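Novice: Chain E is fixed; fit chain Z onto it per the hints.
Taken in sequence, the protein lines are chains E and Z. When we follow full-length UniProt numbering, the leftmost residue of the first sequence carries the number 1, and every step to the right adds one. When we follow full-length UniProt numbering, the leftmost residue of the second sequence carries the number 1, and every step to the right adds one.
Some hints could be false.
[To be verified] For each label pair, taking beta carbons as the anchor points, the in silico distance ranges come out as:
#1 E:L65 / Z:K409: 55 to 63 Å
#2 Z:G180 / E:H55: 40 to 48 Å
#3 Z:F296 / E:D75: 31 to 39 Å
#4 E:I35 / Z:L231: 39 to 47 Å
#5 E:R17 / Z:T144: 17 to 25 Å
#6 Z:R128 / E:V50: 35 to 43 Å
#7 Z:G182 / E:A83: 51 to 59 Å
#8 E:A83 / Z:T317: 45 to 53 Å
#9 E:V50 / Z:R328: 49 to 57 Å
#10 E:D73 / Z:N239: 41 to 49 Å
#11 Z:V146 / E:V34: 43 to 51 Å
#12 E:I35 / Z:R325: 52 to 60 Å
[Said to hold, decoys possible] Listed below are several chain Z residues computed to face chain E (Cβ distance under 7 Å; list not exhaustive):
#13 A30
#14 A36
#15 A37
#16 P38
#17 T47
#18 L63
#19 Y113
#20 W116
#21 E157
#22 S159
#23 L160
#24 P303
#25 A305
[Unchecked claim] Here are the simulated DMTMM-like pairs of lysine to aspartate or glutamate, each with C-alpha atoms no more than 25 Å apart in a straight line:
#26 Z:K91 / Z:D114
#27 Z:K142 / E:E85
#28 Z:K100 / Z:D218
#29 Z:K478 / Z:D440
#30 Z:K100 / E:E44
#31 Z:K100 / E:D86
#32 Z:K100 / E:E85
#33 Z:K409 / Z:D440
#34 Z:K100 / E:D49
Since the hints were made in silico from the structure, they are not lab data. These numbers were taken from a predicted model, which means no experiment stands behind them. Note that beta-carbon positions come from the ideal geometry of N, C-alpha and C, so glycine has one too.
Residue-level listing of the chains:
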Amino acid sequence: MPTFSSDEIARLASLARIDLTPDELTRFAVELEVIAHAVERVSELATDDVPATSHPIPLTNVWRLDVPGAVVDRDEVLAQAPAAEDGRFAVPQILGEE
Amino acid sequence: MSTQLVDFDDAVARYDPVLGIEVHVELGTATKMFDAAPVTFGAEPNTQVTPVSLGLPGALPSLNQTAVEYAVKIGLALNCTIARTCRFARKNYFYPDLPKNFQTSQYDEPIAYDGWLDVELADGEVVRVEIERAHMEEDAGKNTHVGGHDGRLQGAEYSLVDYNRAGIPLVEIVTRPILGTGARAPEVAAAYVRTLRDIFRTLGVSEARMERGNVRADVNVSLRPSPQAPLGTRTETKNVNSFRSVERSVRYEVARQAAVLDGGGRVVQETRHFHEGDGSTSAGRVKSDAEDYRYFPEPDLVPLAPDPAWVEEVRATLPELPAARRRRLVTEWGFADAEMRDVVNAGALDLIEATTAAGATPAAARKWWMGELSRVGAQTETPLEDLPITPAQVAALQALVDSGRVNDKLARQVLEGVLAGEGDPEAVVAARGLEVVSDDGPLLTAIDAALAAQPDIADKIRSGNLGPIGAVIGAVMKATRGQADAGRVRELVLERVNG
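For reference, chain E alone in the conformation it holds in the complex (with noise of 0.2 Å):
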């Protein structure tokens, strides 16, 4: 049975840039641990002659046509974010790049 500590759920939730309170991320422990397991009883099934499956699907080489489409009007998906110059978006500063 896979167990979470904190730090763990606090890491992902780092990484997914999402802010937990303690007491979410003792919380969260214990939901994912209950997902976990129920993911876990996959492998009981799963043998060495099963290959993992990304897509269960038979389907391959889905694609299109090299050929130019319609592209969005600008000013209409500027207006939706946030702030915008130039004809750009303008998003916070990130930090020691250049």
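Specialist: Chain Z only, in chain E's frame:
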């Protein structure tokens, strides 16, 4: 804090450098990798975007077939195995240049793997670079940072993002550790990237213009005390985008890491930034979770399974690659290996081939491009291909020489005229009146005048001493302002004296 450096030659005498290079190439498709937004260089910001490029909720990717074909071409040109089946994966990270918060890439199943590329250095030595993999992924948008660099004004700083580049198809080519290059490591690194650039252009899969960032290299360098020692800790200098910068960044890292090791320190595994100004590198921000990309298979794209028969078709239609072409041309043209290397290093191969195709002999084409035109190019700091003269014009000029209508001296004046924008060689000859005097009359007048000025010359020539004939030819050239055919003058002098 000033960085300690060891003299490069000293460093490579005591340490064995090991390289690893990741090259990203932007494919020259008409549309993006996963949506039909057009790809055009220099378009107004955010005008080449769709809900997919912008990562809008619910937008679904749709794979560009041509991008797959180009990736297969690259894989084949690099002697890779093409995967029978492969998948896309999400590489998760938060950064404003990727609005989806993940980059669609390939992880454990690249489209091409296990290849090699022979890289020829300037002196002809060939280094085989092993290719670990070539995988497909999408480019990110472009951030422009606004605001002062004064820390106190940090609150006022922000970034502007243009998503035109987000989703442009990339192929990333990753080498295995490149061993045994020693003091030539910087040169090998640059030559490898250049060789790839040439291949991309030949395949027609990318314009591969370094200055536009079509080709970008991440250069890994590590040092170890000897070739028998385990690999040392590496640094990765990101986004180096010229051949010269690749070379300089390796030199710098070798010198810097040697100093760290000499001082008993340990090289920190980190990404570094290259600075064009002084050729140095500096540590990038250490991100504790930077490597935790939590890759997982992209559920919105089904696996890719290039049909082996189709792959073979693509292989059969690959153009002749640069190395094979050089081998063929050196034989066809009869140049010495060293001559050929000079031609290649001068960037004159295409020009000479085109000049030859326009009718000149390879030797004549080489003479012009590697002689007079190289001189002009060096003087004006202009690459040969950017000189204002076409291979057809060079061939036409040589035809004028071959037919005897201009001599070498006049030909150089014609060239000058062409380079000055006065038109084709014929037009310059006509406008400047540069044709050799083919009418014997004016030549004989000049010869008679020269012989009369120095009467003893005729006697000497008549007695078999042909030395002074040069003085007569010189005088005739002067009189005709260089527009005489020296061979014809010589014949006429002999006739005149002996006749």
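Novice: Each of the hints needs a verdict: does it hold here or not?
Specialist: So, going through the hints one by one against the coordinates:
no.	hint	in the structure
1	E:L65 / Z:K409: 55 to 63 Å	holds (58 Å)
2	Z:G180 / E:H55: 40 to 48 Å	holds (43 Å)
3	Z:F296 / E:D75: 31 to 39 Å	holds (36 Å)
4	E:I35 / Z:L231: 39 to 47 Å	holds (40 Å)
5	E:R17 / Z:T144: 17 to 25 Å	holds (23 Å)
6	Z:R128 / E:V50: 35 to 43 Å	holds (40 Å)
7	Z:G182 / E:A83: 51 to 59 Å	holds (52 Å)
8	E:A83 / Z:T317: 45 to 53 Å	holds (49 Å)
9	E:V50 / Z:R328: 49 to 57 Å	holds (52 Å)
10	E:D73 / Z:N239: 41 to 49 Å	violated (32 Å)
11	Z:V146 / E:V34: 43 to 51 Å	holds (47 Å)
12	E:I35 / Z:R325: 52 to 60 Å	holds (59 Å)
13	A30	holds (5 Å)
14	A36	holds (3 Å)
15	A37	holds (5 Å)
16	P38	holds (4 Å)
17	T47	holds (6 Å)
18	L63	holds (4 Å)
19	Y113	violated (18 Å)
20	W116	violated (28 Å)
21	E157	holds (4 Å)
22	S159	holds (5 Å)
23	L160	holds (4 Å)
24	P303	holds (5 Å)
25	A305	holds (4 Å)
26	Z:K91 / Z:D114	holds (23 Å)
27	Z:K142 / E:E85	holds (14 Å)
28	Z:K100 / Z:D218	holds (24 Å)
29	Z:K478 / Z:D440	holds (16 Å)
30	Z:K100 / E:E44	violated (35 Å)
31	Z:K100 / E:D86	holds (22 Å)
32	Z:K100 / E:E85	holds (21 Å)
33	Z:K409 / Z:D440	holds (19 Å)
34	Z:K100 / E:D49	violated (35 Å)
Figure legend: structure checked against the earlier numbered hints; hints not met, in rising order: 10, 19, 20, 30 and 34.
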